[in-house]
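6 protein chains.
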Amino acid sequence: MQLALSTWPEVERYLQRSTAIIIPIGSTEQHGPNGLIGTDSICPTTIAAGIAEKEDVLIAPTISYGMSQHHMGFAGSVTLRPSTLIQLIIDIVGSLEKHGFTHLYFLNGHGGNIAPVTSAFSEIYADFTNDGKQAPRCRLANWWRDAAIAKLAKALYGDAEGHHATVSEVALSYYAHPEAVKQAAMNPAVAATGEFYDAADFRRKFPDGRIGSSPQLATVADGERFYQLAVETLREDFLTFIKS
Amino acid sequence: MQLALSTWPEVERYLQRSTAIIIPIGSTEQHGPNGLIGTDSICPTTIAAGIAEKEDVLIAPTISYGMSQHHMGFAGSVTLRPSTLIQLIIDIVGSLEKHGFTHLYFLNGHGGNIAPVTSAFSEIYADFTNDGKQAPRCRLANWWRDAAIAKLAKALYGDAEGHHATVSEVALSYYAHPEAVKQAAMNPAVAATGEFYDAADFRRKFPDGRIGSSPQLATVADGERFYQLAVETLREDFLTFIKS
Amino acid sequence: MQLALSTWPEVERYLQRSTAIIIPIGSTEQHGPNGLIGTDSICPTTIAAGIAEKEDVLIAPTISYGMSQHHMGFAGSVTLRPSTLIQLIIDIVGSLEKHGFTHLYFLNGHGGNIAPVTSAFSEIYADFTNDGKQAPRCRLANWWRDAAIAKLAKALYGDAEGHHATVSEVALSYYAHPEAVKQAAMNPAVAATGEFYDAADFRRKFPDGRIGSSPQLATVADGERFYQLAVETLREDFLTFIKS
Amino acid sequence: MQLALSTWPEVERYLQRSTAIIIPIGSTEQHGPNGLIGTDSICPTTIAAGIAEKEDVLIAPTISYGMSQHHMGFAGSVTLRPSTLIQLIIDIVGSLEKHGFTHLYFLNGHGGNIAPVTSAFSEIYADFTNDGKQAPRCRLANWWRDAAIAKLAKALYGDAEGHHATVSEVALSYYAHPEAVKQAAMNPAVAATGEFYDAADFRRKFPDGRIGSSPQLATVADGERFYQLAVETLREDFLTFIKS
Amino acid sequence: MQLALSTWPEVERYLQRSTAIIIPIGSTEQHGPNGLIGTDSICPTTIAAGIAEKEDVLIAPTISYGMSQHHMGFAGSVTLRPSTLIQLIIDIVGSLEKHGFTHLYFLNGHGGNIAPVTSAFSEIYADFTNDGKQAPRCRLANWWRDAAIAKLAKALYGDAEGHHATVSEVALSYYAHPEAVKQAAMNPAVAATGEFYDAADFRRKFPDGRIGSSPQLATVADGERFYQLAVETLREDFLTFIKS
Amino acid sequence: MQLALSTWPEVERYLQRSTAIIIPIGSTEQHGPNGLIGTDSICPTTIAAGIAEKEDVLIAPTISYGMSQHHMGFAGSVTLRPSTLIQLIIDIVGSLEKHGFTHLYFLNGHGGNIAPVTSAFSEIYADFTNDGKQAPRCRLANWWRDAAIAKLAKALYGDAEGHHATVSEVALSYYAHPEAVKQAAMNPAVAATGEFYDAADFRRKFPDGRIGSSPQLATVADGERFYQLAVETLREDFLTFIKS
Ligand code: NI
Ligand code: NI
Ligand code: NI
Ligand code: NI
Ligand code: NI
Ligand code: NI
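Chains as they are written, first to last, in the working numbering: chain A, 1 to 244; chain B, 245 to 488; chain C, 489 to 732; chain D, 733 to 976; chain E, 977 to 1220; chain F, 1221 to 1464.
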């Protein structure tokens, strides 16, 4: 059940059955020579839709812009400052809480969101505690960090899975958008890996945007495998969460 | 050309051809008994996609959450505080400017966004001026206020077009999402109209969420007419803008 | 009854009779070759004083600084960032509400204030709603947009009324401050008109600060006509407001 | 020379002669049974006008709202949060600096403004230093703390001058606005004195708003003496400042 | 009783006996050729520990970073923006209030903190008042401004005590950290004095960081005298405060 | 070399030799029945001092207050909002960068700081990138997550090491402050473990403040082992960092 495609009386009835909601959150940032700039938003959006096919759960519109400052050296990347993202999360959580939602499951596609969104949860909890009110429960679920997902990626690609513009995320985005599959030469085949600090440093060390990955391996077929596994495993995580 | 479905080298090449971008912006808020909560986001998203079919123009991911405080009396509505929305716009504009975009066309579906987004533009211009730099040009285009659109709505529905959950926007959203067409009894047929101030006042005066409208008149076929007209008229507005 | 010239026991007694207040708000910005930098503050201040002569209504001190970023290319203009003006309005409204004021009528002299002040009202309503409290009613009345005022300006000056440094506002400021009437050659007689974006663009297109106007037509006598009409028409608007 | 009554070409010419400006700043807060709510704004506004009669100096519009949280227990008092006042000062200083003003003399009428305005100056200096630019020089001159003023008050009223709603400030405001002279019984004749912390504590300890003063002693004639002395002594202070 | 060296059950028991707490606050900034960068933190930390030897009072961890923008021309100085320091104080006060602390005694070692901390208190009081709650009582005690301390410094050093990097504070820091006593040639023996505005102006006028002082006179023995006097006199001030 | 015990000329000379600095950061929060409220600050402060004995490295004053909202159910805990902590880090980093520091090593003792401090680094990098400047390199090193430390804790205590108020951190704090070793009965011997969300939930699930640990096992002797290991292993991490 998509919030964007529902009416308010439908949401009112949903709230009689459940006070949980899934909010996909991603980013708009470079994903290497053949990865889509929307990869991190497309993946959780797609997984959430899959969960909603199996469960009676409401899916909020995707937060498509995230914290991507380290990708700003590549055309088309957009970043929110962490402090802006924190305020955005605070407002969305506050609004949903007003209607009676108690369990907010943020299905995340982007590592750079973890610190600001976690900070936002703390700020929200602090504010509710401060006002003597019970905060809604918030959970940030990072789909690609799920053990089963990581295992499948390892089995399929070994170290070529990489750390940014990974094969698995590119494959999943291709499954969701087969019309957008891209071809691009990459050299070296497996990108370099390592630490970085700011956007200039990132661009210097990873000139085509990949970290440690070979996303030319990504296929729609593999994407479907990640999709089905992610729907299954994150659905279980969600069901566990709403019982907490 | 959708930014979310492009790679960064594709954006780099686009920037050789054009430094303009369209950013759809909407809201997540009640639209009466049969209107979709995503109406205000769906409409500009759909129109932007239509423009992109005719012009070589880049479309950014839709900003799906807007300033909707007056709708908070209805389940499922989400609002950003104006100050949050201002920061969000500042960050998106700032990011795009870094890559060389000079003309940012915000295609808006929601009246409540006008004041904060206009404020954000002023804050951006002030900051750039203050730093001795040239600001990117920003335009907020409100599709439903276009003269041709308003004329068509008037011709089709007269006063029953209304002011919120209007027939035209519901029709356009139905055209975009025929799978989500809803039926709902409405009484009175044409909703009351008038001024309001806060969310409680809104709910009191407009108990089913409509202001002055009869969205039960909305059809997919009418939606298509609005779609085609809006693509045409806003495309022209965009082309004029990028020449400024 | 001027708040600045009252004692607190007098205000306490006033609150027994009425919980409405008028707050003039303007700007400090260039108004062309012969217009006063304080024009936008002087006009609503003067009109408010005129209303107070006819009604038992409290007038707060004028907010003399507004959002004027686009005028920063001209010496003496001062601008608040929109986010600052929003906080300023929030604090003033919050303070007045504490004393029991329920109807806050902002009598505005400057178009650039509309977006931030409207944003502030939304933020205030959102905050009160969020705290489960009833917000005070706020209204932003833009004197120059009143239909009767616009009609008189049209009748007197036709298109030479213009859009910034208009004949009507300069005339009204001259009526209020006949000691400050200025003479200045203007070329062309009627200034150019058009859209602009930032301060540099404004200065480039409108090198003497006027947009579409011929403020050399302004006279004290005309100013008195605008004054009397504005007092009458805005007084009615105010009386309607306090009944809402 | 009043900024509000000048045109931008006049300011441009002034800047050829001088880059100094006086900005009166006050508050809107209770001043006891017979003191005006605008006292703290009226006093520096009046003194500044007096200085401008003797010196070729530009006077900006008065900042009429200040930091008055401790007076919020009395009807009609308005307070800005310190953080709002800081932002307001930052914006005004930043705007004036853009036009070339180098010496900003804030002529202050209210003790509660000292901490936030001083904080604002530090924030401004820090920001300019951080950007590698030279900050404009800012000075906060508190008229009532001038040694000559304090001496005259002591000579005229001894301890009955008091600490809030002082005889001298009420007298000066009466001189400026003889039409607003008020009569009020006060008991005890000299108000209690002591420390306080928040608004409730203030109201409890000083139930009529006065601290240690007998403002029933205030006369227009005394006000004129304070006026003339303040114009003289603050003019000198200003002249010293602009040489720094 | 040091908060950092206590357990939460010990604090819970303390709150049965007392709801007062001392929070030392200083800075990290240059203190001339032989003064320690931590001088302003070391002094109140040391005095607080001395008070705690004589009274059953809880001492919070020292706030070691303060508002020091004017010292930024000297290596090793760190400054918080006033607005950051205000938020820091708000959070610390808010946290302590939640546990039942009612009297918060900030023992201050740095003049630059006075404006922002005073502003923070006002903001806290305003917020509590606004929420209809009683604020905790906050006091900022500036140890070096105590009359007895100033008198001793005058007796020992006359005018060579100075205004920054004073002999008394350097002496007290040496008493606390005899292992860190430094020797440095200073020329002139007594530093220049005068007003300053920003960091560059400070460095220009006071090239070695001192204002009006001869800190080469500082000795551990003198430091002990200041220590014992400060413990006595501030202990009394604290005891008076907690009775308010 | 402690910054607090240095003079500015000493820092100036240090900057000739090195542009790296270590900034310990902790928290002020409950650590169970026998753990010190300052544990998270004491540990990194102590380790940093140990590193400074072996390397010529400057140690900044400890940031003693952190993000501890989930501990607010226990007396004496103090929390900064994440947004405050972010601003604090921004200011400290910005100040140090001004003096030429290029490598800022935050030695962290508290898990709750990770998200806000990481967010702050991103905001800093974004701001510098935005201004076209090279950001200083920032690293957050969490001493207790070091592999060697975790291995030692596992070897000594197995699962009784726990997740909050761990044996290792309590032991290290005891080594640093043997005068503050506490005895407390704990039941059960090994505390419960599990997830939590806000402060009330934490207190409900972990009524004495421990998560999964048996801190009654902590001894000064064990603390010394952790100290020596941590100094060695974090020193190496620091040396690697400054070469990046
Ligand atoms: Ni990704
Ligand atoms: Ni709509
Ligand atoms: Ni105007
Ligand atoms: Ni006063
Ligand atoms: Ni000092
Ligand atoms: Ni810990």
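Certain hints may be false.
Claimed, not checked - Here's a subset of chain D near chain C, in silico, CB distances under 10 Å, partners left out: (1) Q734; (2) V743; (3) G764; (4) V810; (5) A880; (6) L971; (7) I974.
To be verified - Output of the computed footprint for chain B on chain C, the stretches with three or more beta carbons under 8 Å from beta carbons of chain B: (8) 560-569; (9) 595-606; (10) 617-623; (11) 673-687.
Hint data in this document are derived by calculation from the structure and do not stem from the laboratory.
No residue lacks a Cβ here, since even glycine has one placed at the ideal position from N, Cα and C.
Hints, one by one, checked against the model:
1. Q734: Hint holds; D/Q734 Cβ to chain C Cβ min 8 Å, cut 10 Å.
2. V743: 3 Å, holds
3. G764: Interface hint status for D/G764: holds (7 Å vs cutoff 10 Å).
4. V810: Since chain C brings a Cβ to about 4 Å from D/V810, closer than 10 Å, the hint holds.
5. A880: 27 Å, violated
6. L971: Hint on D/L971: violated, closest Cβ of chain C at ~22 Å, above 10 Å.
7. I974: 18 Å, violated
8. 560-569: holds (count 3)
9. 595-606: Coverage by chain B holds for the segment 595-606 of chain C (5 residues, Cβ < 8 Å).
10. 617-623: This one holds; 3 residues, not fewer than the three required, reach chain B with a Cβ under 8 Å.
11. 673-687: holds (count 4)
In the structure shown, a violation is registered for the earlier hints numbered 5, 6 and 7, in ascending order.
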